[in-house]
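**Student:** So the sequences go chain by chain: A and B.
Reading the first sequence from the start, the letters are residues 1 to 253 in the numbering used here.
Reading the second sequence from the start, the letters are residues 254 to 642 in the numbering used here.
Hints may contain errors.
As the list claims (entries may be wrong) - Listed next, the stretches of chain B that the computed footprint assigns to chain A, with coverage defined by at least 3 CB atoms under 8 Å from CB atoms of chain A: (1) 328-334; (2) 411-425; (3) 453-464; (4) 481-490; (5) 518-526; (6) 622-633.
To be verified - Derived PhoX-like pairs (lysine-lysine); straight-line CA-CA distance at most 25 Å: (7) Lys-249(A) to Lys-89(A); (8) Lys-182(A) to Lys-89(A); (9) Lys-317(B) to Lys-249(A); (10) Lys-63(A) to Lys-317(B); (11) Lys-32(A) to Lys-139(A); (12) Lys-41(A) to Lys-228(A); (13) Lys-71(A) to Lys-89(A); (14) Lys-275(B) to Lys-249(A); (15) Lys-63(A) to Lys-275(B); (16) Lys-249(A) to Lys-182(A); (17) Lys-27(A) to Lys-208(A); (18) Lys-228(A) to Lys-71(A); (19) Lys-639(B) to Lys-83(A); (20) Lys-41(A) to Lys-63(A); (21) Lys-590(B) to Lys-83(A); (22) Lys-139(A) to Lys-71(A); (23) Lys-224(A) to Lys-27(A); (24) Lys-208(A) to Lys-182(A); (25) Lys-562(B) to Lys-83(A); (26) Lys-153(A) to Lys-89(A); (27) Lys-159(A) to Lys-32(A).
The set of hints was computed from the structure by calculation and includes no laboratory data.
Note that beta-carbon positions come from the ideal geometry of N, C-alpha and C, so glycine has one too.
Here is what each chain is made of, one letter per residue.
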Amino acid sequence: MKRNSFLMQLLLIVLSFNLNGQEPTAKQIIEKADDKFTGEKSSVSVMSMTIVRPAWERTVEFKSWTEGSEKSLTLITGPASEKGQSFLKRGNEMWSWNPSISRLIKLPPSMMSQGWMGSDYSNDDILKESSIVRDYHHKIVGEETLEGRLCYKIRLEAKENAAVIWGHQVRWIDKEDFIFLKAEMYDVEGYLIRTELAGDVQLMDGRKIPTRIELIPEEEEGHKTILKIREIRFNEDIPDSFFSQQNMKRVRS
Amino acid sequence: MIRNTLILIIFTFCLNINAQQKVTLDGYLNDMQSVYHMEQTGWLWENQLHNRLNLNIYPAGWLKVSIQTRTRLIQGSTYSTFPGYADMIGRDPGWLDLAFSAHDSYNDDLGYIIASKVDRLYAEFSAGNWVATVGRQRINWGQTFAWNPNDIFNSYSYFDVDYPERPGSDAIRIQYYTGIASNIELAAKADSAGKVTGAGYFRFNTMGYDFQLLGGVLSGSDLVLGTGWSGNIVNSSFRGELSYFRSLDNFADTSGQLLVSTGIDHTFSNSLWMQAEVLYSGFAREHEIQNFMQILGSDMDVRQIGFTKWSVFTSLSFPVTPLLNASLAGIWFPSWKGYYIGPSVDLSLSNNISASLISQLFSAEQPNPVGERTRQTTWVGYARIKWSF
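With the hints as extra help, turn the sequences into a complete structure.
**Tutor:** Right, dumping it as structure tokens:
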């Protein structure tokens, strides 16, 4: 064990030498920041999502277990009328369980391409089918300070044949901890479609992550979706049988 | 040493309590105002205050105990109009009688009924891939939406808008999960007449489809064999259920009957959800039903889910805004020259309060007691406000 962690440290030092020795490329920065969220083997998280509109707000709370991009189990913990429903995803198949009517429903692929639970999130955001590393060309275009943190400002230009919905993106990444703090998404014509703001950087499971993410669509005044991470743990060993129909009926928060 | 162990045990126990609640209580309270119009009776009204309580207890990781009650206070002119209405509301169709009810004398024009039922009362034991459930529970083997020929344990009227949970069955059920998306089950229940329904069930997933097979005895009298599936054709869901029934008493002299439902559903990119479903029933009973009230809110034998030989269902549901959902359902009963139209809107007033407006129009050429077919049209409207907790 000891030797392992020593090796890890050594590796980190070597890596940081590398980074210090020569400025990271735009692609390396994006890769490193992206790895913070998607490069993990598994995660267990407690989150809330608030849909904000000019006249009202609604909040959904849930607990989610994921392993890679193939397996996930989500349990709705609020509001009261939806509580207890669970969603299981294995590869490209998905089921829902509704305990009040004891009904397991196999969901159609068309259901998975919807705005997620009425929010400003799209299916692509949740399932991460496109990759900001693979599907874009990257270029550092400047430095700016956000939330008191010095950030790289990077422009991501969609590759010609990539199946992505954005024409280009601009992302602000904290220079010290490689955290995405802001992103602007533009369509193919170059119009700003939405802005993402990340904040409340906290130490969770030994790493600094933004615990509040806001999605602000450009066209609609007063509309936004706020995602709050209340708890998150990475790389826990979750047995394969956890992501099963048996468990989706039994899982509790 | 012992003391240390004890402290450790207590500590673990406390941790457990902190991690997950041992007891949960939730439910809802709603008030629904209903208005009915029928040719025979004219206008009728009814108000219903309705409470549901779900109490779940988790004494250990392998054990769950659930007690759920439904209590209604009903007042209105329906009560004095339909003979036996209070008895129908108050009765328990299960093997155990877990219903309590009281009502006014029938002479009272605006009588009240108070009725309370325990509709879930079970203990669920889990060990590895095994799950055993004993007591009043819902066994739901449905795959399609409007009609479920495979749902042989808890068949219930589609038209009841205020009871999604449906009554439970007094049953013993043993499930063994053979994989991530497959299981084998054995289940048996008894009803208030002591008739036993028992069946084996096998569910599996292959080539992107869920399939199920079932076989057993229905109400002590009929052999039942069934199959069901859920999958997709391109981006739309394709689901179906087929059940075959044959009387055990007259097995040699009678042929069996089929009950088949199949349908597709699709969610469009603007979130419009569309469904279409067809039911074929070998037990068509066009002549038994004289008005809509008979089929509105009642327990049913699975063989009675089809009224006419063919029934065609379609529905649309659309979130106009994240707060307001509008839907429209329609059913066509060809041999009755009949139709059902059910528009509804649901409005979220806050995170836990919602309001609904529901309309049900039913019109068909149904036989009167003399046997003549006359067109009967019934309209029911509901306004409901619901608080979930």
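**Student:** Which hints, by number, does the structure contradict?
**Tutor:** 1, 6, 8, 16, 21, 22, 23, 25 and 26
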